[in-house]
Every structure is written in C-alpha cells, then in structure tokens.
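J.: Residue numbers (this note's numbering), protein chains in the order written: chain A, 1 to 663; chain B, 1 to 300.
It is possible that some hints are incorrect.
Each computed EDC-like pair below joins lysine to aspartate or glutamate, with the alpha-carbon atoms no more than 16 angstroms apart [said to hold, decoys possible]:
#: 1; chain 1: B; residue 1: K180; chain 2: A; residue 2: E144
#: 2; chain 1: B; residue 1: K195; chain 2: A; residue 2: E369
#: 3; chain 1: A; residue 1: K365; chain 2: A; residue 2: D490
#: 4; chain 1: A; residue 1: K596; chain 2: A; residue 2: D570
#: 5; chain 1: A; residue 1: K363; chain 2: B; residue 2: D134
#: 6; chain 1: B; residue 1: K180; chain 2: A; residue 2: D79
#: 7; chain 1: B; residue 1: K162; chain 2: A; residue 2: D490
#: 8; chain 1: B; residue 1: K131; chain 2: A; residue 2: D313
Note that these hints are calculated values from the structure, not bench results. It should be emphasised that the depicted structure is a prediction, and the values quoted were computed from it without experimental measurement.
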Amino acid sequence: MKRMIYILLALPLSAPSLCLAEVRGELNVGARATHFVDDESAKFDEYRDMSDGLFGSLDLLTDSDTNFVGVTVQDPALDDQYYELRGGLFGVFKGEIFYDELTHQLSRDAMTPATGIGSNFLIIPTSIPPMSTWTTFDYSVDVETLGGQVTIDTNNPFYFKVSADQQRKDGIMPWGLVANSGFELPMPIDYTTYNTTLEGGYRSKETTAVFAAGYSHFDNDNEVLSTFNGIELEEYSTPNDNYSYNFSGRLTQRLSADNLLAVKVVYNANNSETDFSNFQRIVSPVADNEFDGDVRYFRGSAVLSSQWNDALDTRLSYSYVDRDNQSDEIIVVGEDIRAGRLFEYDKHQASLDADYRLSKVNKLKGGYELSFTDRTREDAETTLDNLLFAELKNTSLDWVSSTFRLEYLNRNSDSDFDEETLEGDGLINEFFTRADYASKNRYKARLEFETIPWEGLGLGLNYGIMFDDYDATMFGLQEDIRHEIYLDADFQLPAKARLNAYTGYEFTESDFNSRRYNPGVAYPFTPPNSSNYNWSQETSYDFFVVGGSVTVPIMPQLEMVINADYQMLDGNIEFVRSAAAGAPLGTVTEADDYYKTQAGIRGIYGLTDQWSITLGYAYEKSNLDDWRYSNYRYVTSSFVLSGAGLDNDYETHLGYLITTYRF
Amino acid sequence: MKRKYICVVLFPLGLLLFSLSQAMDAPENLQMADPGMGFIGAETCKECHEAQYESYSKSVHFKKAIKGPASQDACETCHGGGAKHVEKGGGRDVDIFSFNADVDAAAKSAKCLTCHEKTPGMDLWEMGVHKRNDVSCDSCHDLHVGGRQKAREPEVCFSCHKDVKIEANKRSHHPILEGKVNCSSCHSPHGSLSKHMVKADDSRELCFKCHADKRGPSVWEHPPVEEDCQSCHTVHGSSHAKLLTERIPQLCQNCHDWSRHPGTPYDSKASFTSRFECLRCHSAIHGSNSPDGAGLRFIR
Numbered sequence: 001m002k003r004m005i006y007i008l009l010a011l012p013l014s015a016p017s018l019c020l021a022e023v024r025g026e027l028n029v030g031a032r033a034t035h036f037v038d039d040e041s042a043k044f045d046e047y048r049d050m051s052d053g054l055f056g057s058l059d060l061l062t063d064s065d066t067n068f069v070g071v072t073v074q075d076p077a078l079d080d081q082y083y084e085l086r087g088g089l090f091g092v093f094k095g096e097i098f099y100d101e102l103t104h105q106l107s108r109d110a111m112t113p114a115t116g117i118g119s120n121f122l123i124i125p126t127s128i129p130p131m132s133t134w135t136t137f138d139y140s141v142d143v144e145t146l147g148g149q150v151t152i153d154t155n156n157p158f159y160f161k162v163s164a165d166q167q168r169k170d171g172i173m174p175w176g177l178v179a180n181s182g183f184e185l186p187m188p189i190d191y192t193t194y195n196t197t198l199e200g201g202y203r204s205k206e207t208t209a210v211f212a213a214g215y216s217h218f219d220n221d222n223e224v225l226s227t228f229n230g231i232e233l234e235e236y237s238t239p240n241d242n243y244s245y246n247f248s249g250r251l252t253q254r255l256s257a258d259n260l261l262a263v264k265v266v267y268n269a270n271n272s273e274t275d276f277s278n279f280q281r282i283v284s285p286v287a288d289n290e291f292d293g294d295v296r297y298f299r300g301s302a303v304l305s306s307q308w309n310d311a312l313d314t315r316l317s318y319s320y321v322d323r324d325n326q327s328d329e330i331i332v333v334g335e336d337i338r339a340g341r342l343f344e345y346d347k348h349q350a351s352l353d354a355d356y357r358l359s360k361v362n363k364l365k366g367g368y369e370l371s372f373t374d375r376t377r378e379d380a381e382t383t384l385d386n387l388l389f390a391e392l393k394n395t396s397l398d399w400v401s402s403t404f405r406l407e408y409l410n411r412n413s414d415s416d417f418d419e420e421t422l423e424g425d426g427l428i429n430e431f432f433t434r435a436d437y438a439s440k441n442r443y444k445a446r447l448e449f450e451t452i453p454w455e456g457l458g459l460g461l462n463y464g465i466m467f468d469d470y471d472a473t474m475f476g477l478q479e480d481i482r483h484e485i486y487l488d489a490d491f492q493l494p495a496k497a498r499l500n501a502y503t504g505y506e507f508t509e510s511d512f513n514s515r516r517y518n519p520g521v522a523y524p525f526t527p528p529n530s531s532n533y534n535w536s537q538e539t540s541y542d543f544f545v546v547g548g549s550v551t552v553p554i555m556p557q558l559e560m561v562i563n564a565d566y567q568m569l570d571g572n573i574e575f576v577r578s579a580a581a582g583a584p585l586g587t588v589t590e591a592d593d594y595y596k597t598q599a600g601i602r603g604i605y606g607l608t609d610q611w612s613i614t615l616g617y618a619y620e621k622s623n624l625d626d627w628r629y630s631n632y633r634y635v636t637s638s639f640v641l642s643g644a645g646l647d648n649d650y651e652t653h654l655g656y657l658i659t660t661y662r663f
Numbered sequence: 001m002k003r004k005y006i007c008v009v010l011f012p013l014g015l016l017l018f019s020l021s022q023a024m025d026a027p028e029n030l031q032m033a034d035p036g037m038g039f040i041g042a043e044t045c046k047e048c049h050e051a052q053y054e055s056y057s058k059s060v061h062f063k064k065a066i067k068g069p070a071s072q073d074a075c076e077t078c079h080g081g082g083a084k085h086v087e088k089g090g091g092r093d094v095d096i097f098s099f100n101a102d103v104d105a106a107a108k109s110a111k112c113l114t115c116h117e118k119t120p121g122m123d124l125w126e127m128g129v130h131k132r133n134d135v136s137c138d139s140c141h142d143l144h145v146g147g148r149q150k151a152r153e154p155e156v157c158f159s160c161h162k163d164v165k166i167e168a169n170k171r172s173h174h175p176i177l178e179g180k181v182n183c184s185s186c187h188s189p190h191g192s193l194s195k196h197m198v199k200a201d202d203s204r205e206l207c208f209k210c211h212a213d214k215r216g217p218s219v220w221e222h223p224p225v226e227e228d229c230q231s232c233h234t235v236h237g238s239s240h241a242k243l244l245t246e247r248i249p250q251l252c253q254n255c256h257d258w259s260r261h262p263g264t265p266y267d268s269k270a271s272f273t274s275r276f277e278c279l280r281c282h283s284a285i286h287g288s289n290s291p292d293g294a295g296l297r298f299i300r
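Full structure from sequences and hints, please.
T.: Set out below in structure tokens:
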C-alpha cells in the first residue's frame, strides 16, 4: 500500500502538469495534543484518528486550457488517511484513483479469559481465571478502500464510465455469546469486497439511453467461528461468501416539448456459497454439504413527467419489484423439523402527483400513492398502502417563505394464518401483529418558515408531527407519536462579525401492549398469574440540541471563532401489569440517556495573503447512562462478558496549531 | 488470469480511443457571439465586474477546450447580451439575467442546462425532487469559484436539510461529519428514479455497497432484513446504538411476542440486564448460515 501512496504523490510531478499553467490549492500542516481528564473511550475517536502529533492535508489543482490534474491528501500516515489523484482532458475524459482508510472504534480495552483473539478458533477456559490474567484487546475495524473510475465524455452522443474498487475490512467485532458457557465472542473480521461497474450511454436532444452492468464479490476469510473448552466444540456461522451481478437499461425519451418519459429495467442476481463441511460438530442436513444461495430480482419503473401549462405539471409513475428465491431449501430434522423459508415478494407501486402554481407566490402540491406487497410470509402475507399528501408553499412576502404539508397513510395488512388452527404458543398470532407490517393510520404534518426580517439576518423554523395509530391489533405497538421542532439563525453582525445558532427539540412516545406467558397460556383473556399476564409499556424520549458559533474579526489579520454545541437524550420506559401478576414493574429511567458537549475557540492569523496560522483549543465531553450497562459485571454465574458496548464516556481537552499555505 | 486483467485494461482503453476518434469527427456546433443579440464581449463586462471576471477566469467554464462560456460569449452565455444593461448604466438586474435569489429557479437552471442537459445523469433532472422544490443549480454550485465546481458537502445539503444535519450529529451516525461518507455517496442530487433519489435501485442495494457481508443470500433469512434495512435502522443518525430506530429490546419486541423471553417485560428491577440485549444470543440477526436449526432463530 505504501507503494501506491508514493505513486499517488509522484504522479502529479510526472503528469502533463509540467506544462500546465497555474497551481491552486491549499496545504495545511498542524500539530495537536489531547489530554483526557477522565476516560479515553473509543467513542471519542469512533471514526477519526485523533492521535497526538502531526497531521495535515493538501488539496492541489493545476490546469491548462485543455487538461487538469488534481491531488488531495488528508491525514497522511494516520488511520483515517485519504489520497486522491484526479485528472483529465476537458471535453474528452476525466478519471480518478483514490485510497481511503476509515477506522471504526467500538470498544477499547475489552478483555476476555479466552485465548486466540483475532483468530476464528477460540480456546475457552474451563474455570474463570482472575481478571488480571485476561487478554485485553480493542473492538475495532479498519476499512481500506482502493478504487478508481474513468468517464469518457466527448462532444459526441456517447459516453462511457468504468469504475472499480476493492474494500478491505480488518478487525474484531463482538459476536454474541457462546451457547453453553456464555462467553462473549470476539469475532475476527477479514472481509474483502470487489466492485466493478460499467456504464455506457447515448444522448441526443430527445433521447437518453443508458446501459449499465455491475459485479460485486464479497469474500470472508473466516467461514466458521469455533470455540473449544477442552470438552465441547461450539461453532458459529459467519457471513457467507457472496457475489452479485446486475444489468440495467434506462431510456429517457422526450415525447413532446412538455412530456418526458423515463423507463428503467433492472435484473439483479445475488448468489452465495456456504460450505457446510467447514463445520466439524454440526452435521450438514444436505447431501452435497453445501448451501447455494440464489436470489434474483427483477425491477421495472416508469415515470411520465408532463407540463400541462405554465401552472401545472404532473408525474405519473409505476414501479415493480419481484424477488425470486431459487436458493437451496434447508430442512433440519432434529428435535423438531426446521425448514429454511424461501422468502419471496412482489411489490407494486403507482403514484400520481401534481404541482400547481396558484399564483406567482402560491404553489400547491398534491399526490396519491398506492403500494401493494405480496409476500411468502405467513404472518405478513399482503400489505396495501394508500398515501395522500398535499403541500402549500407561499412566498407572498419578499422576506418570508412558508410551507405547510399534510400527509395521510392508511396501511391495511393481512396474514395467512388460519385462526381455526392456531393453538398453543401460536395462539398469540390471533392477537399480536408485528409492527413492521401492522395495519395502521399515519397522520403527518409539517410547517416550515424561512424568513429574512432584515438584511443580514436569516431565521428558519421547522415543526413536524407524526402520529401512528395501530388500531387493529390487541398486542404490539398501539400508538406512536413524534414531535420535532428546529430553529436556526444566521446573523451578520456589525464589523463583519457573524453569528450562527440553532436549536432543536424532538419528543417521541409510543404505547405498546404485550403478553407474557411461560409457556402455554397464550390466550389473553385468562385470569393473570405470575407466569401468564398481559402488560403494557410506554416509552418516551426527549432529545434536545443547541449550538452555534460566532466569528469575530479582531483586527484585519486576526479572526476569532468561538463555537459551542450541546445535545442530550432523556429516555423513560414505564411498565404496567395487573396486581395479580406480581409487584408493580420498575420504571426504566435511564434508557439510552446521553449528553454530548463540544466547545472550542480558535484564532486565525493571516501572515500574508498566502500564509496563515490557526491556534485553537477544543473541549469535548460525552456520557451515556443506560440501564442495561448499570452495575456492569464481566462475570456472573451464567456468562462471561468482554466489555463490548461499554466504552462510551470521555472528557477531552485538545490543543492544536495549524499553518496554512494557499497556492 | 492474466488475460482477464489485460481485458480489464484494454476495454476502457478501447472506449477511450473510440471516443477520441468520434470527438475528432464531431462537428463544432458552438454558437458564437451574435451582435444582433446585443452582445458586448467579456472585456466590457470586466470593466465593472472585475472580481467576478477574475474568479470566472479561474473556473472550468473559462476553458476553451470545452463547449462552455469561454468558447461562446463568456459572461453573456449565462447572463445574456449586455448591451442594454450597459446603455442604461448598469445596476442590479437592469436588463441583464442574474442568478440572484429572487430569480425564478427554473429559469436559472435552464441557463445551465443549455450546456449541461446532456451531462450524464442530468436527463432525470426534470423529474427530480430538487427541481420540483425550486432548487436551482446555483443553489449548490459556486459558478464563479476557481477549481472544482462540486458542491461543498455536507454543508450545502445541510443548509436545507436541517433535520438531517441534527441526525448526522447524533450519538450513533454514519461518518458524514467526519468526511468519510458524503451525501452524494448515497444520493443522486440531479435526479433518480429511486425513492429519496438514492444511488441504487432500492435502499438495500445501496447499503450493500459498503455492507456486502449483509447481502447473503443466507441459509436462514430474517424477512425484514430482506425487505428493507430501514425496518430497524435509520440512515443518517440515531440516539440509539448502531443507528437503530429504537432501543433494544424494545425494537425486537415490537415485532416479537412469544412464550418466555420475547414476551417478558424487561423493567428496572432485573438485577443485571445487559444480557437482555437480544443480540447477545441472536447475533446472526442479519441472516444465519448455520447448518443446524439454531439458525432459524439466528442464534448461530
């Protein structure tokens, strides 16, 4: 990979840039130091490498009348480094190659008494040794992507695009618990994905035709994750190797000056291979010891866009998806017969929407959308959605723009259960409907204001409400309501100072009914006892965010920027059950409760037109309180955890100095 | 194998040569200045608008090799003939087409589309959500800036999509603010036939571009996963871990009520509740490849 980086850096020197006219861009070189007051959690640098020391970036573009070359380098040598080389001949072709690294930190200093961390074979001790002897490791994944693309687009009707990339993921992720011993499993991640796409198109004044083909291949180096405690071998499946290819064609045809038709068809096949012979303990249920996954999609869509007159335009659209599952069907005959369900569906969607300009300052929109889904799923066979919306936009005052939108959705779903035959635990299906397809009515409203009351001041207000009413099921979600309000301001202060500020509040609340039965008495109208009872739950979340920044020119060469941001979530879950079922249930008052504070100040001093220096300080603090992690214990009588998901809090001071040179 | 790689190199090279040969033969259909339309030439514009001319001269639109303003009438390609504007002594919007905020968005975009209607992907602009919401090209692109005219992401997008800006900054988010995922990594801002103008045929296919490990097909499939990732995940950011729409176990219980633990209320009186994260046992929730029946419940 280093060789690739050197090539990327050297290319601009050897490229046609030698005879190019002008170089533009920016070079940043900086140094920083962090000080952690309290914890140093993975959450602080979840997607970024904030290591102490040097960092920098370069963005460079040089061009002539006929060609151009550009280079972008960000954070070289750090775990989030990025390199891009781009170039081309104007009116002929352009292309780029890039290399990108992304770090995803999940939990730092996780620990386990198991050995073999990072491999797909873990040795589990029969007795738990003292924690001081455990192995520490980080749950993190590094992602490296190397890719490029070329677009050939000349002054003729044809164009072509070719792109390819390789993405490599390497690291350790948590993967649940060992079935019998309860050890939390660190799973090795060794994934490679290859993607290639080809696209060719023809354009004329009236017609655009595009044909595209794509191929993607995913390869997992660890096909099975195994654990061994000296007596028992446990085996866990991991994501299987798969590949996907697709072919598509799109035609956009101007039927007349006012009518445009677009039609697209896509054929897509996803295939996978799982070699069951990799499993030592579990006997394969199929003769050839292999699962061949084969799911094919056929998609079609068409949109007719029409301009009826200066005031009215419409769009009529239809889309279709057919999921055809040709995979092997696996039937396991063990304690009970278990069969893999070949999941298939058809989706049809048709819609008509219109924009009507009532006057120069009033625009009305409206539309209707019909969706129908037919699945090979007993509990969710069909779903029919009817959606209506209307929107009015008004700009009658020069300094105010307002939009009001209403939306109504009616969802009607059917299962394929024969209620006469439901019995035992399955009787619950007569009274419970899964939220993802349950019949419901949804009401949405949104109001938006954008105003400039006087020059230099911009204000925005955005309020939305959404209410879901699941009125056709006794158990499951019953109601779900969401309010959100956002306010922002942008103020040009005297002496070229500028203020940005924003705040937002979101409130969500849902009501949920369920039945506890253990086991057998699923029928909800039997008298409650400690093992069989109905219960309900009300979940609410308050989310609040506020922040802003002010930019103040202190003197002609010096500008100060001060910023502060704060956000918090307060979650609450209340439970109710009959007194006959037992003591009242306890309210969960810490449900994903968190806060995050960021603040900073920096001064930017311009030495010359090209050179400037930025000296800055930042403070960040974050904290998560969740009932699941309260009184966290690594070892209990039934499981041995490793600390996955535990590393969330941090408090950090950060100082930095950056020198900038503009070409 | 080597032959395969040779083909990979030769194919785009062949396309390049083919296109170059076509380009040599392509007739010059550029419209040059027409004095009858009141054109006065860029040098005259520059006398009053030097700063704008300087920035324009550094932009790609100034390149004579492409069919653009420089190869036609420079400033007047987009702003229209300036003779009357000059005659009246100039002034904001005086007999000249400007790209000011109060000018009709469709009219502004129409100017750009004169040249860009054949830019790949622009054929769907007319059907796109942006056009229908009075977004014009200059809403996102700085036409007078030197270097690249690409929109600055995500700042430009956030100026209208304020709710997304707040979501992207929540505790669990895609690395949008960190610059590792751009809005245009997932969306086609110039129009698409897909919902939310995503750059794929549906949202699942889009997610698989980075998360191919979830693509399967798996031996044991979880139907909501096969239908829509957004059954459980939000796309920009969430207050709950892993960009989930709801906290676990509440999220799972919204769809699962059965005997024993799926129907059990997990209240605050449980002694240690970390084990109630459903995914601790049902870890293969996106689909299991186990040969035994435990895969049906995504346990192995």
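J.: Would you mind marking each hint as holding or not holding in the structure?
T.: Evaluation of the provided hints:
1. B:K180 <-> A:E144: Holds: K180 of chain B and E144 of chain A sit about 12 angstroms apart, inside 16 angstroms.
2. B:K195 <-> A:E369: OK: K195 of chain B and E369 of chain A at ~12 angstroms, within 16 angstroms.
3. A:K365 <-> A:D490: The given pair, whose Cα atoms are some 29 angstroms apart, is violated under the 16 angstroms limit.
4. A:K596 <-> A:D570: Holds, because 12 angstroms separates the two Cα atoms, which is no more than 16 angstroms.
5. A:K363 <-> B:D134: Distance ~11 angstroms between K363 of chain A and D134 of chain B Cα, so the pair holds.
6. B:K180 <-> A:D79: At roughly 12 angstroms apart (the allowed maximum being 16 angstroms), D79 of chain A and K180 of chain B satisfy the hint.
7. B:K162 <-> A:D490: 13 angstroms, holds
8. B:K131 <-> A:D313: Holds: K131 of chain B and D313 of chain A sit about 12 angstroms apart, inside 16 angstroms.
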